[in-house]
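Participant: Residue numbers (this note's numbering), protein chains in the order written: chain A, 11 to 536; chain B, 8 to 292.
Hints are computed from structural coordinates only; laboratory data are not their basis.
Where hints are given, some of them may not hold.
Stated by the list, open to error - The calculated lysine-lysine pairs, modelled on DSS-like cross-linking and capped at a C-alpha distance of 25 Å, are:
#1 A:532 to A:376
#2 A:376 to B:151
#3 A:530 to A:519
#4 A:376 to A:522
#5 B:151 to B:204
#6 A:444 to A:514
#7 A:17 to A:28
#8 B:83 to A:530
#9 B:204 to A:522
#10 A:286 to B:151
#11 A:28 to A:444
#12 B:83 to A:519
#13 A:376 to A:28
#14 A:532 to B:83
#15 A:532 to A:522
#16 A:519 to A:410
#17 A:13 to A:28
#18 B:54 to B:204
Said to hold, decoys possible - Simulated coverage check for chain A against chain B, where a stretch passes if three residues somewhere in it have a Cβ under 8 Å from a Cβ of chain B:
#19 286-298
#20 372-378
#21 503-510
A virtual CB, placed ideally from N, CA and C, is assigned to each residue, including glycine.
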Amino acid sequence: MTKTLLKLQLTLWGRTIKGNKAAIVMMSLISFYALMGLFGFGIFLALGLGQDHMGILAGVVSVGMVAYCIAAFMWPSGEGQLDPTAFSTMPLSAKQLLPGFAIGTLLQSRGIIAVICTVATSIIAAVFLPVGSWPMIVFMMAVSLVTTLLLGELLGALTSGSSSRVSNDRRTVLTSVVFMVFVVGYNMLIGADGMSRIDAIGAYTKWTPFGAGAGAIEAFAVGLWGEAGLLTLLAFVYVAAGFWLWSQLINRALTAPLDQGGQGQSAKDSAGEGKKVLFLPGIPWSVGGAIFSRSLRYMFRDSRLLGSMIVFPLLGVLFIFQSFTVEFFMIYVGLIMMAVFAGSVATNDFGYDGPSLWLNIVAGVKARTLLMPRHWASMLPGSVSIVVFMIITIVLAENKTTAVLICFIGLGIFISSAAVALLVTTFNPYPTSKPGTSPWGDRSGYSGAAFVGAFAALLLGWIPTIPTIALGIFGLVTDQMWMIILAEVLAIILPVAVYIGVAKVCIRKVEKDLPEIFDKVKTHVK
Amino acid sequence: MTDPENSQGTPQICPTDPTTQALAVRGLTKSYGDATVVNNINLDIPKGAIYGIVGPNGAGKTTMLSMATGLLRPNKGTAWISGFNVWEEPNDAKRSMGLLADGLPIFDRLTGKELLTYVGALRELDEGIVDQRSEELLEALGLKEAAGKRVVDYSAGMTKKILLAQALIHNPKVLILDEPLEAVDPVSGRLIQQILKNFAQTGGTVVLSSHVMELVEGLCDHVAIINRGVVEIAGHVDEVRRGRSLTDVFVDAVGGAALQEGSLSWLGASEGHSEGQNQNEDRAE
Numbered sequence: 011m012t013k014t015l016l017k018l019q020l021t022l023w024g025r026t027i028k029g030n031k032a033a034i035v036m037m038s039l040i041s042f043y044a045l046m047g048l049f050g051f052g053i054f055l056a057l058g059l060g061q062d063h064m065g066i067l068a069g070v071v072s073v074g075m076v077a078y079c080i081a082a083f084m085w086p087s088g089e090g091q092l093d094p095t096a097f098s099t100m101p102l103s104a105k106q107l108l109p110g111f112a113i114g115t116l117l118q119s120r121g122i123i124a125v126i127c128t129v130a131t132s133i134i135a136a137v138f139l140p141v142g143s144w145p146m147i148v149f150m151m152a153v154s155l156v157t158t159l160l161l162g163e164l165l166g167a168l169t170s171g172s173s174s175r176v177s178n179d180r181r182t183v184l185t186s187v188v189f190m191v192f193v194v195g196y197n198m199l200i201g202a203d204g205m206s207r208i209d210a211i212g213a214y215t216k217w218t219p220f221g222a223g224a225g226a227i228e229a230f231a232v233g234l235w236g237e238a239g240l241l242t243l244l245a246f247v248y249v250a251a252g253f254w255l256w257s258q259l260i261n262r263a264l265t266a267p268l269d270q271g272g273q274g275q276s277a278k279d280s281a282g283e284g285k286k287v288l289f290l291p292g293i294p295w296s297v298g299g300a301i302f303s304r305s306l307r308y309m310f311r312d313s314r315l316l317g318s319m320i321v322f323p324l325l326g327v328l329f330i331f332q333s334f335t336v337e338f339f340m341i342y343v344g345l346i347m348m349a350v351f352a353g354s355v356a357t358n359d360f361g362y363d364g365p366s367l368w369l370n371i372v373a374g375v376k377a378r379t380l381l382m383p384r385h386w387a388s389m390l391p392g393s394v395s396i397v398v399f400m401i402i403t404i405v406l407a408e409n410k411t412t413a414v415l416i417c418f419i420g421l422g423i424f425i426s427s428a429a430v431a432l433l434v435t436t437f438n439p440y441p442t443s444k445p446g447t448s449p450w451g452d453r454s455g456y457s458g459a460a461f462v463g464a465f466a467a468l469l470l471g472w473i474p475t476i477p478t479i480a481l482g483i484f485g486l487v488t489d490q491m492w493m494i495i496l497a498e499v500l501a502i503i504l505p506v507a508v509y510i511g512v513a514k515v516c517i518r519k520v521e522k523d524l525p526e527i528f529d530k531v532k533t534h535v536k
Numbered sequence: 008m009t010d011p012e013n014s015q016g017t018p019q020i021c022p023t024d025p026t027t028q029a030l031a032v033r034g035l036t037k038s039y040g041d042a043t044v045v046n047n048i049n050l051d052i053p054k055g056a057i058y059g060i061v062g063p064n065g066a067g068k069t070t071m072l073s074m075a076t077g078l079l080r081p082n083k084g085t086a087w088i089s090g091f092n093v094w095e096e097p098n099d100a101k102r103s104m105g106l107l108a109d110g111l112p113i114f115d116r117l118t119g120k121e122l123l124t125y126v127g128a129l130r131e132l133d134e135g136i137v138d139q140r141s142e143e144l145l146e147a148l149g150l151k152e153a154a155g156k157r158v159v160d161y162s163a164g165m166t167k168k169i170l171l172a173q174a175l176i177h178n179p180k181v182l183i184l185d186e187p188l189e190a191v192d193p194v195s196g197r198l199i200q201q202i203l204k205n206f207a208q209t210g211g212t213v214v215l216s217s218h219v220m221e222l223v224e225g226l227c228d229h230v231a232i233i234n235r236g237v238v239e240i241a242g243h244v245d246e247v248r249r250g251r252s253l254t255d256v257f258v259d260a261v262g263g264a265a266l267q268e269g270s271l272s273w274l275g276a277s278e279g280h281s282e283g284q285n286q287n288e289d290r291a292e
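With the sequences and hints as input, model every part of the structure.
Facilitator: As structure tokens, this is what we get:
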């Protein structure tokens, strides 16, 4: 059975990779970041061990494990091909599957990277720790590797394993929130110089599954036999508990896999008497109103888009926090960043509508109506966040002149980035995963077209505001108010002109080539 | 009508004025690389007909209908709906038709009622009319209880019915249905057939593709058999089948497949199964 499972993993893995640029790019990116992390933390580790910092090994190993878990969490549908639910109709038990599943984790790029990181960490530790602790290093680092792989699989099994749409949607919301909170927390930690005290982190994590193995090595190396024994025992208990939990989860997946999760509930607000159906409050009955309302409702109902609803407020919180902890200037950086990123959500409207676009096409909707309300709906979450952020910026800023100028520039960049998004959405549509796909499991973002879209949105949005920025800075430096006011006016006029021009070009393109646009997005990415 | 005797099926010259037909296609061709999926199809579907388009999997039915409805640009040829050229007067053509596309998802995060409201609004109907027709369609198709449920949570049969409802909501002149009764239960199937018959009796035209010969035979008055991208036979059902069953005509037209003698003989033989299992167990030991 184990041999069959490993052959299956290898065959399917090979086929997933072969000719799949998206998968290769994703693997390369993760590997690159992992190796960069290994290099950076390797230096940290060498310096820390050189200065006899107790806890540094446990801290570094823990951070590596967390990074591995995040990768397993964010890309659950990547390279692992062995899904226990696929075996649920066969007379098999978790006991028969577990060895194959366990070894199969090493037949994936992240498993291979985990091995490389473990070996490199072991070598660095061996260089600085006494020769007598070498067998302990080899043994307990191997235990740490097994724990890492186990944690990744447990996380994957816990966050999947349901065929229910409702459960999957809830999980996606949860994972998006958790991930964003993690990113914000990580940045706050960096801001607070937390990474330089990684040995202090290790002093705590050595009692957890993340650092028990490495903690045992450190204790052994300095002759704390009692602690070394206790941590070794703990590391084994964690591994045993992990295997037990994994086998339980596999058994759960093998037993009635379609029976898990919730059931679709009737929408609370859609069929009520006297209430407007579909149309959002204040939106008049019209074709454009229907498209706008539908698109905006989808922002909340489609997990692929839901992440963007969470990203903007959290990004705002992060920069406001940094304006207090780092420097007030960070609030301006945040404003500009939010303006630049606002368009990124709207760079593939046709792709996100995907095959469902046929409904709009066969209804004979005019190109302008088909394009613009859809685009405005995509831009709305970003624009609301920016307006709120601008108000906060002006209120908090001591130098109101600078704050107002930067708000105007931010608004200009926002309009430019909307224009770029509209251009990219029309001329560079690409297929996406189906609605309901977790943003972390969505592979559509790794296509060539997706890269073009993302980079165009980030890089081109600035261009129409460059003269304004130059004029504004010159006005501030030379203290010439007329120049600042002119910059503020130009900051809006130039991007608006660009936006109107782009909109006309895009409408003409949709009028002419809608079937070709549909052809590009009519199949979901699997 | 295409001559049923014509082995090539597709007539080279189509004397009928396509603008007088409910749906007409002329020289419709679609190729992907070297593969020609639809090859120079000509077809006339008269007004008031219930017209069945049948063919084996991969015959080109859906591709032909996609080109006829403006979803896919043909390499050659064009289509008319209610006299309007689909590629030159797309909005007039689309106003006249209702489409149930097979295999293409819809905005399934909307509830059934929301979806009908959405399509009604796109079709520029008045709000009151959309509301009234939505209620009636949901009631008639047995979806009243599921009106507030998201379409993604519908069963396959319910999804077909809501797709039919959205195709009907603007009271089109030509109803184009790709596999309309697939996955629909017999009770709903009979109801839908009744709706289609009533629609045709009041002057509407129904064009449907299906694999179910009994459905086409019982419901349609005209039929076209498409195979490998060409129309093999087309005409009035009685003329096409000439006293035989439509299934026999279909099998003759597209070529049958028979199980070779002795093939799969082990299937259901319990002794063989036990033997094989024992061998596996022996190997395992």
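Participant: Please go over all the hints and tell whether each is borne out by the structure.
Facilitator: Going through the hints against the structure:
About 20 Å separates the Cα atoms of residue 532 (chain A) and residue 376 (chain A), which keeps this hinted pair within 25 Å; it holds. Pair hint residue 376 (chain A) plus residue 151 (chain B) does not hold up; C-alpha atoms about 32 Å apart against a cutoff of 25 Å. In summary, the hint linking residue 530 (chain A) to residue 519 (chain A) is supported, as the alpha carbons are separated by about 14 Å, within the 25 Å threshold. Of the pairs offered as hints, the one joining residue 376 (chain A) and residue 522 (chain A) holds, with about 11 Å between alpha carbons and a cut-off of 25 Å not exceeded.
Between residue 151 (chain B) and residue 204 (chain B), the direct Cα distance comes to roughly 22 Å. Compliance with the 25 Å bound is thereby established for this hinted pair. Between the alpha carbons of residue 444 (chain A) and residue 514 (chain A) the distance comes to roughly 30 Å, so the proposed pair goes past 25 Å and is violated. Restraint check for residue 17 (chain A) and residue 28 (chain A): the C-alpha separation of about 16 Å stays at or below 25 Å, so the hint holds. Between residue 83 (chain B) and residue 530 (chain A) the alpha-carbon distance is near 20 Å, which keeps this suggested pair within the 25 Å criterion.
Our distance criterion of 25 Å between C-alpha atoms is broken by residue 204 (chain B) and residue 522 (chain A), whose separation comes to about 37 Å. Note on residue 286 (chain A) and residue 151 (chain B): the hinted pairing holds, with a Cα-Cα distance of about 17 Å set against a maximum of 25 Å. For the proposed pair residue 28 (chain A) and residue 444 (chain A), the alpha carbon gap of about 22 Å is at most 25 Å, so the pair holds. Using a Cα cut-off of 25 Å, the hinted pair residue 83 (chain B) and residue 519 (chain A) holds, with the two alpha carbons roughly 22 Å apart.
A hinted pair counts as satisfied when its Cα atoms are at most 25 Å apart, and residue 376 (chain A) with residue 28 (chain A) does not qualify at roughly 41 Å. In summary, the hint linking residue 532 (chain A) to residue 83 (chain B) is supported, as the alpha carbons are separated by about 21 Å, within the 25 Å threshold. Only pairs whose Cα atoms come within 25 Å are accepted, and residue 532 (chain A) paired with residue 522 (chain A) is accepted, the gap being roughly 18 Å. For a cut-off of 25 Å, the pair hint linking residue 519 (chain A) to residue 410 (chain A) is broken: about 43 Å separates their Cα positions.
With a C-alpha separation of about 22 Å, the suggested pair residue 13 (chain A) and residue 28 (chain A) falls inside the 25 Å cut-off, and the hint holds. Of the supplied pair hints, the one linking residue 54 (chain B) and residue 204 (chain B) holds, its CA atoms being roughly 13 Å apart against a limit of 25 Å. For the segment 286-298 of chain A, the proposed coverage by chain B is satisfied: 6 residues have a C-beta within less than 8 Å of a C-beta in that chain, meeting the threshold of three. Counting residues of the segment 372-378 of chain A whose C-beta sits closer than 8 Å to any C-beta of chain B gives 5, which meets the bar of three, so the coverage hint holds.
Residue count for the segment 503-510 of chain A with a Cβ under 8 Å from a Cβ of chain B: 0. That is fewer than the three needed, and the coverage hint is violated.
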